[in-house]
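Peer 1: Start from the sequences and build out the full structure, keeping to the hints where you can.
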Amino acid sequence: MTKPPIDLLQGTVDVLILRTLAWEPMHGYGVARFIRQRTEGVLTIESAALYQALHRLERKKWIRAEWGLSENNRRAKYYSLTAEGRRQLREETATWRSYAEAVFKVLEPV
Amino acid sequence: MGRPRRYLRFPWRSSSRLRADLDEELKFYFDMRTRELVEQGMTDADARREAVREFGDVEYTKRYCLAEDAMSRREERRTDLVAELRQDMAHSWRTFRRSPGFAAIAVLTLALGIGANTAIFSVVNGLLLRDLPYGNPDRLVRVWGAHRDSGVDRSQLSAGDFIDLRTRQRSFSALGAFAWGGGTYIGSGDPVRLSGARVDANVLKALGVRPYLGRIFAVGEDSSGVNPTIVLGFGAWRRVFGSDSTIVGKAVNISGRSTTVIGVLPPTFFFPTMAEAEIFTPLDLTPVLRDVNRTRKFHYLGVVGKLRPGTTVTRAGTELKGIMAQLERDFPQSNSNMTVATVGMRDAVVGDTRPALLVLLGASLLVLLIACANVAGMLLSRAVSRRQELAVRAALGAGRARLVRQMMTESLVLAVGGGAVGLAVALWGTRALVASAGDRLPAASQVTVDATVLLTALAVSIASGVVFGLIPALAASRGIQLALKESGRGTSSGVSRHRMRTALVTGQLALAVMLLVGAGLLVRSLVGLQKRDLGYSIESTLTFELMLAGARYDSAAAQDQFFDALYTRLAALPGVVAVGGSGNIPMRGGAMASLAIDGRPQPEGRLPEVGYQPVSDNLFKAMGVPLERGRAFGPQDHKDAPPVVILSESAARAYWPAGDPIGARVRLGPNPNDPWMTVVGIVGDVRMGVDGESRPTAYVPSRQDHWGGMAIVMRTTTDPASMLPAVRREVRAIDPTIPVSDAYSMKQVRAQGLTDRRLPMQLMAAFAVLALVLAAVGVYGVMAYSVAARTREIGVRVALGAQPRNVFGIVVRQGMGAAAAGLTLGLLGAAALGKVLTSLLYGVKPTDVVTFVGVAGVLLAVVLAACLAPARRAVRVDPLEALRSE
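Chains as they are written, first to last, in this note's numbering: chain A, 15 to 124; chain B, 48 to 933.
Worth double-checking, as some hints may not be accurate.
[As the list claims (entries may be wrong)] A few chain A residues that don't get close to chain B, going by computed Cβ distances all over 12 Å:
hint, residue
1, R33
2, A36
3, E60
4, W110
5, S112
6, A116
[What the hints assert, rightly or not] Cut-off 35 Å, straight-line C-alpha distance, at most; resulting in silico cross-link-like pairs (DSBU-like, lysine-lysine):
hint, chain 1, residue 1, chain 2, residue 2
7, B, K109, A, K74
8, B, K578, B, K686
9, B, K794, B, K668
10, A, K75, B, K794
11, B, K368, B, K578
12, A, K75, B, K109
13, B, K882, B, K892
14, A, K74, B, K892
15, B, K368, B, K252
16, B, K578, B, K74
17, B, K252, B, K578
18, B, K368, B, K794
[What the hints assert, rightly or not] Restraint ranges, calculated between C-beta atoms of paired labels, are given here:
hint, chain 1, residue 1, chain 2, residue 2, range
19, B, A92, A, V56, 25 to 33 Å
20, B, A448, A, F118, 56 to 64 Å
21, A, A97, B, R839, 18 to 26 Å
22, B, D70, A, A97, 25 to 33 Å
These are calculated hints, taken from the structure and not from any lab test.
Where is the CB? At the ideal position from N, CA and C, for every residue including glycine.
Peer 2: Have a look at this one:
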């Protein structure tokens, strides 16, 4: 059963990144791996889109970047959520929830 | 301390740095992903290829990310600058909170300098620079008569000369004449005396006046004819006629004649060189032109012209002088030595206040210089004492530019604060200036602090902040390495900076000395004028003016009757010593008349002119003018009696150098058919105005020359002002339509006459005191700093046996050295610049020794006082502590 992976809208990538970084600061590779594992391959995000989103979010000051050391002692760029990013995540999550609920109400009326 | 961490993390990154960062970030991803794929069983090469493939568009991603990063960087830089500025301001604020005295003195110093400057500049701007309330003020010209022989250059013109000038000239598009006018408004309440002018229609046309209501006179409306008309000034309209907007077309009673109001002039308008005029009536020249004796010999017209485009005041003047030269040849009897003087309207209106205004402007600039020097000095020594703080900040990562910026922010905060407080001072000062100047400043109603002035003040304060912030900031940032190593002992840079401060203080003292000398000279002039003997007594004397109005006073007998009744009634009031009347009181000027002497040959050209006054019997007694010889006037000198005259002492001396004029016969005035008048007495000289000299004068009985109005002089035993209600009551009892106007004590009249001297004197004194205080603060500052910097040296001296007396001497001698240098420079400067003041001085030379010595004394005393506190602190230095602290 191999369904074709769902293409994601730009805004979706952003909110997924924010959610991911809400756990802990991570480098770009970490974010990619986390999303892949969490969605069990259902959502594939091209790493290109991921990195573009990371730099875009940094510019928006929703996340900030700092150089640090990775698990295997290599210099890596770690991203973490800013206060502004946390606020943004809350808003986006609420929007997503109401969006999804609305869609489900149509698809699976109780 | 968020800043250094931020610096360590991401200082503003260069573009190549951004690219390197991105490459490293992506390489990390590919390495990690490749390893993951290898762990899943791929070969190394396959894994790497797969990582790149599944990534997506690498090149596009790189471009995208770099663009985003560049944008972030730009924004970061901007917010960093704002943050730094806010940080600098906050830091400045904290610094000032720690030393509020410093901040307060610096702000106040600047505020006073800027404020005084702005106030003065506002007045100057309003008077000298701003437009007059006329259309095309720069093309308006005031034409005066001038006498080549006597040096008089601002006299009136005769009607005949004016008509000839007007018809022959080509320079003016309009040339108009005006004369004194005015009248009494007789309404339902008390009668009101209104000063005014009689104008020919060309005057208002030349001035480009647009009426506020109704219309102004049309050319040709000049002859007063059967239907008298009047134009009201705004002030009279508002005050006397209650701003009645329907007044145009109404008939009002002016001096007993029903007069139709045809218009009201706008609020900004004032009549040039006769600002007090508030009613305007047509000027009718025909009666004078018909009377050959007065046509060219009766000088009573002011003349105003509007230049045609393309010509200049000078060229127009040359043309008019040419016409006058022709008239001089044609009418030698009346016109010999007569010419004209033309003056641009702006100069004519601002007139005599210009030198005073310019001197004050200069003075305020000096004060601003002193204030800036003070703040510079303060910033300079503060920069020295803060070298350690700066060094620490530098060590924590603040760059040199950042430090300079921070110091600049501090001085700018000070400057803007000083500018803000200065504006308050300026607003208040301008109002105070205009209020104390009163109606003496011709166009005072226009003087307000305007946007230009505000911006100028702000620019000055900010420029001073930048300049005086930059010098110490650069100096301090240079000395940072030095400062870290040693703790502010007397280094060479410290010494040179101290020398700079001493130079600043010396300069300040010199400027203050110059201002003190100026103020001293003006004070001495005024004191001299106030003590001056005028030739009559102004103690306990009341004066007021009465102008008879209405047809019933057309006859001389009626006038005599009124004044006889008046003198009798007033003399009967308790507390009155003597009452008299005169055409004018000498402090307000007077008329002139030509003098011919019976039995002497008629001179070639014009007859000599003497002062001329009709006076009542008791005037000399009331004024306190001594009768030297002969007799005073009395009831026997009535209108039908043989005409008599009394001469002033100087007239007697001038025209009868050897003999006795009593019994001689003279003729006054231009009419050769007038009867000869016999000289019956000689009185003492009186001086004209408050600062004028006496002039040969002839007095005639007021019963033999009726002017219709008199200035009454009343000598009392009590406070003259307290007599006024009784005076009004008596006048009303004789005729309730006659107003009592211009009632003052003689002392008040003199005070008014001195106003335009008192104002510059007071301002100059204020500036001088301000300058002295600022300079004293400067001296105190430099001495206090010097003592603090030399604590160790003083300690050593005390340890080696120096007495408190010696220590005290060292400090005081240093201060006095600066004082002596400043004093010398200042006195030299004052002597060099003194000429500027000449026109404002009276009876004092610009190099007055008393003033110079006095100023030297005051300055040395003030500097000594400023040195006392630092000197006392030096004496209290404990040698053990001073040495241990190093």
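Peer 1: If a hint holds in the structure, say so; if it doesn't, say that too.
Peer 2: So, going through the hints one by one against the coordinates:
| no. | hint | verdict |
| --- | --- | --- |
| 1 | R33 | 20 Å, holds |
| 2 | A36 | 21 Å, holds |
| 3 | E60 | 4 Å, violated |
| 4 | W110 | 24 Å, holds |
| 5 | S112 | 30 Å, holds |
| 6 | A116 | 32 Å, holds |
| 7 | B:K109 with A:K74 | 18 Å, holds |
| 8 | B:K578 with B:K686 | 40 Å, violated |
| 9 | B:K794 with B:K668 | 18 Å, holds |
| 10 | A:K75 with B:K794 | 79 Å, violated |
| 11 | B:K368 with B:K578 | 42 Å, violated |
| 12 | A:K75 with B:K109 | 20 Å, holds |
| 13 | B:K882 with B:K892 | 9 Å, holds |
| 14 | A:K74 with B:K892 | 76 Å, violated |
| 15 | B:K368 with B:K252 | 24 Å, holds |
| 16 | B:K578 with B:K74 | 99 Å, violated |
| 17 | B:K252 with B:K578 | 46 Å, violated |
| 18 | B:K368 with B:K794 | 42 Å, violated |
| 19 | B:A92 with A:V56: 25 to 33 Å | 30 Å, holds |
| 20 | B:A448 with A:F118: 56 to 64 Å | 60 Å, holds |
| 21 | A:A97 with B:R839: 18 to 26 Å | 53 Å, violated |
| 22 | B:D70 with A:A97: 25 to 33 Å | 30 Å, holds |
Hint violations for this structure: numbers 3, 8, 10, 11, 14, 16, 17, 18, 21, all remaining hints satisfied.
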